[in-house]
Amino acid sequence: MTPPADYHKNDGQRGQKSAYGPPNGQWAGGGGKRFYGPVLVLYGAAIIVLLLGAAFYAYSRLAPAGSQPIAYNHKKHLALGLECSSCHLGIADGRAHARLPSVEVCAACHSSEDENPRTKVIRDYVSGNKPIPWKKIYGVPDHVYFSHRRHAGLGKLDCALCHGDMSKAEAPVTKQAEKITMARCIDCHHKLKVTTDCIACHR
Amino acid sequence: MEKLKEMRSSRKSFLLAALGAFAAVFSGGIGRAWGKGHGSEKAGRHKPGSHLWGMVIDLDTCTGCGACVLACSAENNQVLGSPAEAAMNRVIRWLKILPSQEGEYPLVKQRLLPMTCLHCEHPPCTKVCPVNATYRNEEGIVGQVYPRCIGCRYCLNACPYTIKFYNWKEPVWPAGMEGSFNPDVSVRPIGVTEKCLFCHHRLQRAREEAAAQGRPLQAGDYQPACAEVCPAKAITFGDLNDPDSAVSVLARDIRAFHLLEELGTEPKVTYLKERS
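Just so you know, the sequences run in chain order A and B.
All letters in the first sequence, in the order written, are residues 1 to 203 by our numbering.
All letters in the second sequence, in the order written, are residues 1 to 276 by our numbering.
Isolated chain A, as found in the complex:
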């Protein structure tokens, strides 16, 4: 294949007359003499749209649309004397995963005798024996091994350390109180002088 006739036209003339920049070696911001102004505006608009899209995507990941199926009030339940582990069963069971409460857990208190109109939503789930479609807010990636048993059970760490003070939370959880990042894990591991071996958490 032979190159087109004008292939070498600009050779040795970069800077003065190059395909890679404006012909006069000056960007359009200053004068806007040529057609670069509108192009830059378009680019700017595109970038803003992209950024907004990314922000929306990140937001939608953190707080799923429609938030939780039930307007669960942590403050009220904790004030009644319930513990975190009363409903998040995995902690007491000594499992790695804390788990979201199943409908049976709610059914233990919200029986048919309860006639409070505000708890009708949960009673419907209970009477229909339907699983509650909780949205999972906290989680670690697949390649991370995190054990609630090790941290909350054996390590006796306060749940609020990662999940915020739920005794004050009236609204249902729709976003992470503390962003769960590796830097956060390592920070705490350094402070408490526990292992920082990579394969202790990465699996």
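Everything labelled a hint here was simulated from the structure, so no lab data went into it.
A portion of the hints provided could be inaccurate.
To be verified - Counterexamples of contact, computed for chain B against chain A with all Cβ distances above 12 Å:
#1 THR61
#2 ALA71
#3 ALA158
#4 GLY176
#5 ASP184
#6 LEU197
#7 GLU208
#8 VAL229
#9 ARG252
#10 HIS258
As the list claims (entries may be wrong) - Estimated spans, in silico, between C-beta atoms of each pair:
#11 B/VAL249 / A/ASP165: 50 to 58 Å
#12 A/PHE56 / B/ASP242: 52 to 60 Å
#13 A/LYS179 / B/VAL249: 49 to 57 Å
#14 B/GLY179 / A/SER167: 33 to 41 Å
#15 B/ALA74 / A/MET182: 56 to 64 Å
#16 A/LEU42 / B/ASN182: 46 to 54 Å
#17 B/LEU217 / A/ARG118: 47 to 55 Å
Unchecked claim - Now the stretches of chain A that chain B is said to cover, found in silico as 3 or more residues with beta-carbon under 8 Å:
#18 132 to 145
#19 150 to 157
#20 186 to 199
No experiment lies behind these values; they were computed from the predicted model shown.
Virtual Cβ for every residue (Gly too), placed ideally from N, Cα, C.
Position chain B relative to chain A; hints supplied.
Below, chain B without anything else, positioned relative to chain A:
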């Protein structure tokens, strides 16, 4: 004069005592060096009470049944691979049985050598990793951090035992098999290197269990899948820092040898040669 005598005798006794102490320390040192054998000379690198995990594979009792290979691949979510790939030796098995023939007909001998990552004390693979994805941890396990691995494959080339594997393809399983994965082990994506980690996730579980029972980790709490499943009990696993553990005792056996010992990698997997 009395005093001088006294001094002299005390000096003599002091010298004798010093000599005795020196002899005791020296002979003790030698005794330790001879007695403890493999792995123990590295004990200085470890905090007291820490572990140095190691394995002994007795080739005399090993029947080459392949249960360890199966247990290893099931435990660690290894791809099944197709018969065509297997024929080209392209199936990833962290533990494989190396066959070799010895002698000429009719005096032929088939040898089978189960081989895993040897978890070298001086691993050549960790020294070439540009991103610290593979490293030797405090307990002697050569770790591989999959999300950190960039897939350069330097470590594959550096490993003299060719016992690290690269995922050339996205792993595929037959439909419905996803439910049978081991949840403690991740599924490695395309483009990363993987290897035997001595079933490190089992150590995590054992630690957690021991802590729940409020006791230190004991011998036998932590066994990799291959050692647990071996029907001939040819694989012994344990702590090389403990001179009385079964694995330390066997590693000092007269039949003990290591693969490519001359390279100085000091593998922590010791083989016991067949009794003739």
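Quick rundown of the hints versus the structure:
The Cβ of B/THR61 sits about 30 Å from the closest Cβ of chain A, beyond the 12 Å cut-off, so the non-interface label holds. Chain A leaves B/ALA71 outside its interface by the beta-carbon criterion, the shortest separation being 18 Å against a cut-off of 12 Å. Separation of B/ALA158 from chain A is adequate, the least Cβ-Cβ distance of about 19 Å exceeding the 12 Å criterion. Every beta carbon of chain A lies more than 12 Å from that of B/GLY176, the smallest distance being close to 19 Å; the non-interface claim holds.
At roughly 6 Å, the least C-beta separation between B/ASP184 and chain A is not larger than 12 Å, which violates its mark as non-interface. Non-interface call for B/LEU197 relative to chain A: violated, since the shortest CB-CB distance, roughly 6 Å, does not exceed 12 Å. Chain A draws B/GLU208 into its interface by the beta-carbon criterion, the shortest separation being 6 Å against a cut-off of 12 Å. B/VAL229, annotated as away from the interface, keeps every beta carbon of chain A farther than 12 Å; the closest lies near 21 Å.
For B/ARG252, the condition that its CB be more than 12 Å from all CB atoms of chain A holds, with the nearest at approximately 28 Å. Taking the minimum C-beta to C-beta distance to chain A, about 24 Å, the non-interface status of B/HIS258 holds against the 12 Å cut. About 54 Å separates the C-beta atoms of B/VAL249 and A/ASP165, a value consistent with the hinted range of 50 to 58 Å. For the hinted restraint 52 to 60 Å between A/PHE56 and B/ASP242, the CB-CB distance of approximately 57 Å keeps it satisfied.
About 50 Å separates the C-beta atoms of A/LYS179 and B/VAL249, a value consistent with the hinted range of 49 to 57 Å. At roughly 38 Å, the beta-carbon separation of B/GLY179 and A/SER167 lies within the given 33 to 41 Å, and the hint holds. Checked against the hint of 56 to 64 Å, the C-beta distance between B/ALA74 and A/MET182 comes to roughly 30 Å, which is inconsistent with it. Checked against the hint of 46 to 54 Å, the C-beta distance between A/LEU42 and B/ASN182 comes to roughly 52 Å, which is consistent with it.
As the Cβ distance of B/LEU217 to A/ARG118 is approximately 51 Å, the hint placing it in 47 to 55 Å holds. Residues of the segment 132 to 145 of chain A lying with their CB closer than 8 Å to a CB of chain B number 4, which satisfies the three-residue condition for coverage. Counting residues of the segment 150 to 157 of chain A whose beta carbon lies closer than 8 Å to any beta carbon of chain B gives 3, which meets the minimum of three for the stated coverage. Counting residues of the segment 186 to 199 of chain A whose C-beta sits closer than 8 Å to any C-beta of chain B gives 3, which meets the bar of three, so the coverage hint holds.
Checked against the numbered hints given earlier, this structure breaks hints 5, 6, 7, 15; the rest are met.
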